[in-house]
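**Q** Here are the chains, one letter per residue:
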Amino acid sequence: MTSTWAGLAGLAVSVCFILALKGLSGPKTARNGNLIGAAGAVLAVIVTFASDSHLEHLPLLYSALAVGSLIGWFAARQVKMTAMPQLVALFNGVGGATAALIALIEYLSGGAGETKLILAATVFTALVGCVSFTGSVLTFLKLQELITTRPIVLPAGRFITSAVGVITLISAVDMVVTPTSARLYLLCVLSLVLGVLVVLPVGGADVPIVISLLNAFTGLSVAASGYVLDSVLLIVAGTLVGASGTLLTRMMAKAMGRPLLKTMFGAFTAVAVGTAATDGVERSVRSSSPDDVAIMLAYAQKVIIVPGYGLAVAQAQHALRELVDLLTERGIGVAYAIHPVAGRMPGHMNVLLAEANVPYDQLKEMDEVNPEFRSADVAIVVGANDVVNPAARTDKTAPIFGMPILNVDEANQVVFLKRSMRPGFAGISNELLYDPRTSLLFGDAKDSLTKVVGALKAL
Amino acid sequence: MTSTWAGLAGLAVSVCFILALKGLSGPKTARNGNLIGAAGAVLAVIVTFASDSHLEHLPLLYSALAVGSLIGWFAARQVKMTAMPQLVALFNGVGGATAALIALIEYLSGGAGETKLILAATVFTALVGCVSFTGSVLTFLKLQELITTRPIVLPAGRFITSAVGVITLISAVDMVVTPTSARLYLLCVLSLVLGVLVVLPVGGADVPIVISLLNAFTGLSVAASGYVLDSVLLIVAGTLVGASGTLLTRMMAKAMGRPLLKTMFGAFTAVAVGTAATDGVERSVRSSSPDDVAIMLAYAQKVIIVPGYGLAVAQAQHALRELVDLLTERGIGVAYAIHPVAGRMPGHMNVLLAEANVPYDQLKEMDEVNPEFRSADVAIVVGANDVVNPAARTDKTAPIFGMPILNVDEANQVVFLKRSMRPGFAGISNELLYDPRTSLLFGDAKDSLTKVVGALKAL
Amino acid sequence: MDGIALLTIFVLSVFIGFEVISKVSSILHTPLMSGANAIHGVVVVGAIVVAGHAQDNVQLVLGLVAIVLGAINMVGGFVVTDRMLKMFTAPKKPAADKSREARP
Amino acid sequence: MDGIALLTIFVLSVFIGFEVISKVSSILHTPLMSGANAIHGVVVVGAIVVAGHAQDNVQLVLGLVAIVLGAINMVGGFVVTDRMLKMFTAPKKPAADKSREARP
Ligand SMILES: NC(=O)c1ccc[n+]([C@@H]2O[C@H](COP(=O)([O-])OP(=O)(O)OC[C@H]3O[C@@H](n4cnc5c(N)ncnc54)[C@H](OP(=O)(O)O)[C@@H]3O)[C@@H](O)[C@H]2O)c1
Ligand SMILES: NC(=O)c1ccc[n+]([C@@H]2O[C@H](COP(=O)([O-])OP(=O)(O)OC[C@H]3O[C@@H](n4cnc5c(N)ncnc54)[C@H](OP(=O)(O)O)[C@@H]3O)[C@@H](O)[C@H]2O)c1
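Protein chains in written order, with our numbering: chain G, 1 to 459; chain S, 1 to 459; chain R, 1 to 104; chain V, 1 to 104.
Chain G on its own, in the form it takes in the complex (with noise of 0.2 Å):
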């Protein structure tokens, strides 16, 4: 295959990936967007392989190409639904390691003769390559839970982040100035730090912006490294990935209603509002049965239910479902209220149902449910809390501030279901807890789901 035709087939494969990207945006279109994705992806590879007759160790490339494949395929689907953001991480993590590993190959093969301007891309793709790398196997750990959500602040954290960033920066420059093979290595490793001080100090609530803005990162480190092995290919997917990352991390960020340059640093402000927050416990709540929850619920008329990240904890959607279907069974109208950032990732909701088979006509988000809730008897609130917390509307000094919620305390009755009177993920408490017209019904959501549907089922 010559080289002209590998160049064609280079920019069909970015053509699919514009498409993919565009799918990907419209909810009907996703799916195959998707999918013209990965058919571009699979183009790419045979071309590769088919294009360039120079290879060697073509046994050994299939191999690990296969053996990649399966580890990534295996992952994927073995992976439960309210693990996901962790994954994509991983994925996210691997994609810049290998990035810096291209360019650190390209080097060590002879790049030390190269322009000065592909030296500089090299470095690049190296630098950013691993803060990524670091950076984004660091929020699995978090968001998995192998290592504290809470953010981590080092003593003098600051100060060390900005002596490593800046040493990096001029090792970098050094670099690209006097290149040796140890500079390389040493950038590399400076890189890897640097990756994990960056993402130590983020709180729980941020992570995911923060792995929306390490996927930018290593889109541009890819493209950086299309620099490098002069692939056009590389540098249109690259740069789409940075810059529609770039603007999802802004997005996101908009959404959850969190400045994305404070995000870095959120840790300093989460602490001090995290201790306000137990102020609240000796004030006295009502709580209650599943028998008194399921004794309100078979009276009622209209109920909402308002779900959110303590359900995914719980995996309580399915539990969630079979109350529901018992309670239209009863004649009696439900509906769920999606709050657009409950859970921990957009959609998070709208995925864990939809894993239940909940239908989809049954969701109403937020602006459509709001004015419901006035006419409604119960609202059950099960593992949220921020998503209904009316400080967000009153309380100028809360980080919510200004977020519109669910107008749970308008309903008649509202029932919580969590497991302790700790506050969500804001850090800080919520009156509609003490609200006289509250009940709370404390334990895991499963189990308290389980209960109120055995208890209705005998009523």
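These aren't lab readings, by the way, just hints derived from the structure by calculation.
One or more of the hints may lead you astray.
[Stated by the list, open to error] Derived pair list, reagent style SDA-like, types lysine to any residue, alpha-carbon separation capped at 20 Å:
id, chain 1, residue 1, chain 2, residue 2
1, G, K116, V, L6
2, G, K457, G, S288
3, G, K254, G, D367
4, S, K28, V, M87
5, S, K22, R, F18
6, S, K116, G, I332
7, S, K302, S, T328
8, G, K116, G, P179
9, S, K28, R, K86
10, S, K28, R, R83
11, G, K364, V, M87
12, G, K302, G, D361
13, G, K28, V, S25
Using the hints, position chains S, R and V with the ligands against chain G.
**A** What follows is chains S, R and V with the ligands alone, placed relative to chain G:
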């Protein structure tokens, strides 16, 4: 200035053009978008002179540039608002001619030795540029009514056009295979003829769509000339216009309910319909005097005004505004109902009325105003016809069938201001003219309005 | 490779051309057409280059004509577009829009 | 010129990257992120090239590791995105949408 800097500047210009198009597609950003584009174009010219130290005949070049700029400037400043579409057509045509001339000169100065790819691009530039030139000039003549706006169908026109088209294509291929300057001249002549033949049978109504299409053509021609001249800027700029122009043409055709392909050969159907239109002349209509209309208006509470193409022809926007001001003074509620395709170009009515300083909030779009006709005492139709023709709702054979119209027929009384019983653009008669609640005030719209104003003042 | 790069530039420009105007309202069709028309007027820089390198008088005359025509396209195009757009000054509901922008 | 062409490609890609996703609804943020993540997995082709041209064993081993990692990114990314999107199957108001599509 080194060529790297020139390249970077060219890239900056490309970015300006992208931002210009982006800006132009939003009402608030449109004007700035256009200015950004203009800034980019100026930069491009400056960089061209600055970066190429081998340019000869500089005084002549500057003079030519100055002459062209002045002509363009004056034409653009002096033209009447109603004549803008044809001016744009003319500008587009000379742009196509420029591209064709570039291709010609580039070939004459040694292009015979170029690669086949370059030759193909040269031929494409010349062909498309020439078609765009004569085609655009012809649309200009039509819209300016220097020749008839009716479709001109030559005997066996379809056959001749196809034949010339095929011959042109053959001669283009021939030119690529065995290039000589005689062949290139022949190709240019053929293309010029082809441009005329293609546009001749286009009916008045489809002319704006054809202008938009030829605009896209010129863009592609410029892009091809960029390939010939090895200019990334021209490739990007031309392609941007080619792509967005194509999409725009499709959107315009859709907004007017014209299938794009039929547009080019719409002449054949248009003739047949035109004859049917005169049938109704025998039927009786109620014609009234300016005094009648003035009295009718004086006792109305709510008046809706429907401007159309005739308003533009009569330049009656200022007289209309005077009438409306009078009515408003008398405490009568007045609104303008703007149909999306009233007039001969999209936004035609908005532009006209804006010229007469009609406040923006009196202009109501179709969806907004349609429910209000029911409660309107009088609807005054000023030089509109098709956009209020109920045949669009009822008559499946009408060429405008399916187009949403303004519900003027729901108003209590309707007044048409027109000169005769002649149909509008679509060439079909309008039942509403014969409705018992309709009265007609015959005459040029501006005269009629002035008389009504006079009569109203005298009341 | 160079050919591929140029082709890639072409294809990417097509996508951008489509994307940027994909949501234009019909009221802006005419100014948009006119603005796009002005943009391809930049072809005048090509005319300058070929005229400045003309090898005989025929080429020079043709080149000068091309410059004149290109300049008409470019300058006239931008000016007429600006004139049109001046007419669209006030946004339809300035109050509503302002309040939205005023939020922090 | 070549450098300019590549830079142009870069800039145009940035615009496309911004434009194509500029109107995505927040529900699709996660699948979109995941899909974009899969797309940069195509970096595996770069890994194949450098590994296939490795000049010593260090380079070869590093290259093979890079292939494995890149393949994980690419294959895993597309598969996990597809799994997510499978959950979003039914459009919200299938009836309304269908009727609109059914029109000629
Ligand atoms: N959607 C996104 O894209 C995204 C991304 C990042 C951050 N965020 C943020 O996450 C928050 C989402 O709000 P949210 O209301 O869904 O969640 P939340 O405010 O974090 O509250 C979750 C609640 O679930 C309870 N819970 C945890 N595990 C449980 C279990 N096994 N059984 C029952 N309850 C359990 C917790 O209380 P106990 O511990 O007492 O049980 C907690 O109150 C917002 O602040 C949002 O900004 C969202
Ligand atoms: N807006 C666009 O982008 C666009 C582009 C191309 C085509 N079109 C088509 O153009 C049509 C627009 O509809 P329309 O209702 O605005 O116009 P129309 O249907 O063409 O009717 C115009 C009316 O104005 C009258 N008229 C002409 N000169 C006049 C004068 N000096 N004083 C008073 N009346 C005068 C004519 O009747 P008399 O001759 O009896 O006076 C005619 O009935 C639609 O069919 C549309 O599809 C629109």
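**Q** Next step is simple, just say for each hint if it's right about the structure.
**A** Hint-by-hint comparison with the structure:
1. G:K116 / V:L6: 16 Å, holds
2. G:K457 / G:S288: Roughly 18 Å between the alpha carbons, so the hint for K457 (chain G) and S288 (chain G) holds.
3. G:K254 / G:D367: Distance ~17 Å between K254 (chain G) and D367 (chain G) Cα, so the pair holds.
4. S:K28 / V:M87: 39 Å, violated
5. S:K22 / R:F18: 10 Å, holds
6. S:K116 / G:I332: Status violated; Cα separation ~75 Å.
7. S:K302 / S:T328: 10 Å, holds
8. G:K116 / G:P179: 10 Å, holds
9. S:K28 / R:K86: Given that 20 Å is the threshold and the Cα spacing comes to 11 Å, the pair holds.
10. S:K28 / R:R83: Status holds; Cα separation ~15 Å.
11. G:K364 / V:M87: Holds, at roughly 16 Å.
12. G:K302 / G:D361: 16 Å, holds
13. G:K28 / V:S25: 12 Å, holds
The structure shown violates the earlier hints numbered 4 and 6.
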